[in-house]
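K.L.:
Single-letter residue listing:
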Amino acid sequence: MPILIAFLCGLLMSAGIAVSQMIDPQKVLGFLNLAGDWDPSLALVMVGALIVYTLGYQLLKKRTKPVYEARFATPSSRLINKPLVVGAVIFGLGWGLVGYCPGPAIAALPSGSSGTLVFVAMMILGWFISRRLFIR
Amino acid sequence: MQNFTPFSALIGGAMIGLGAILMYALIGRVAGISGIASNAIFSRQGRSWRLAFVLGLLLGPLLVAATLGDFTYSTPPLDWRVVVAGLLVGLGTGWGAGCTSGHGICGIGRFSPRSLVATLIFMLVGMLVASLVHGGLI
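Chain order of the listed sequences is A and B.
Per the working numbering, the very first residue in the first sequence carries number 1; after that it's consecutive.
Per the working numbering, the very first residue in the second sequence carries number 1; after that it's consecutive.
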């Protein structure tokens, strides 16, 4: 059951990435690029997602465990440390350069585009290196 | 603002939020795409549900295309930018422990100060870079 749920949730999130056009890096750059014809759509993608997630999270607060697992795997760290800040800066540099964050890049893989394929391959290399070279 | 698409943005956003909160309610997992995809590749523990999630990610747009019919989207050209940007996005989401979904939606959604700081930073840096590179300022 957890495997089926994970599949369906991935499917729903990625359908949302497609419907919102966040899968299109030109659409994302239309939001990030303030020097052009600015497109605020991406802000509304965040608003729509956050309304649903925040309300749902508040409703779940009284529950002690999820429906199909023994416990909630919620990150416990509250540290605002160097890896978090440096990582977010580096991610922002890449995101603004092409307009892909991990979800839309993976969702666009079946398009067969060579640019998307190389982006995802390099992203996986980045994940590998970040595991080997943990910055402290 | 001639490209503004408020309704599809809100509806698509709500679908993303719904998928993410169902992950949490049903299997107790944070729907951070960078974390799930990288662990699906590099960690043996809990690989099957993570691979199933990634498979769902791959099929979502195909489902939308099959339903809506006329759904198309652009992809980036193959040049030095995708090579550099892909590496930066991998390194940054690896070190920063999250991306737009993990920090931007799930983290902010549970009022995590870490995620709020990370999201503000990658949004502002992303805007700065996109405005410089794509806005023709450099």
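Think of the hints as simulated: they come from the structure by calculation, not from any bench.
For glycine and all other residues, C-beta sits at the position ideal for the given N, C-alpha and C.
Please note that the accuracy of each hint is not assured.
[To be verified] The calculated label-pair distances, taken between Cβ atoms and stated as ranges, are:
#1 A:131 <-> B:63: 41 to 47 Å
#2 B:41 <-> A:55: 31 to 37 Å
#3 B:3 <-> A:58: 18 to 24 Å
#4 A:72 <-> B:11: 43 to 49 Å
#5 A:77 <-> B:2: 20 to 26 Å
[Claimed, not checked] To be clear about the criterion: a stretch of chain B counts as covered by chain A if any three or more of its residues have a C-beta under 8 Å from a C-beta of chain A, and this derived list gives those stretches:
#6 15–24
#7 45–53
#8 107–115
[Said to hold, decoys possible] Heads up, incomplete: computed chain B residues facing chain A, CB under 8 Å, no partners named:
#9 10
#10 34
#11 69
#12 76
#13 128
#14 130
K.L.:
Against each hint, give a clear statement of whether it holds in the structure.
P.N.:
Against the structure, the hints:
1. A:131 <-> B:63: 41 to 47 Å: violated, 32 Å
2. B:41 <-> A:55: 31 to 37 Å: Holds, since residue 41 of chain B and residue 55 of chain A (Cβ atoms, about 33 Å apart) stay within the stated range.
3. B:3 <-> A:58: 18 to 24 Å: violated, 34 Å
4. A:72 <-> B:11: 43 to 49 Å: violated, 28 Å
5. A:77 <-> B:2: 20 to 26 Å: violated, 43 Å
6. 15–24: Result for this restraint: holds, n = 10.
7. 45–53: holds (count 5)
8. 107–115: This one holds; 7 residues, not fewer than the three required, reach chain A with a Cβ under 8 Å.
9. 10: holds, 4 Å
10. 34: Result: holds, 4 Å to nearest chain A Cβ.
11. 69: This hint is violated: residue 69 of chain B lies away from chain A, its Cβ roughly 13 Å from the closest one there, beyond 8 Å.
12. 76: holds, 4 Å
13. 128: It holds, given that the least Cβ distance between residue 128 of chain B and chain A is near 7 Å, below 8 Å.
14. 130: Holds: closest Cβ of chain A sits about 4 Å from residue 130 of chain B, inside 8 Å.
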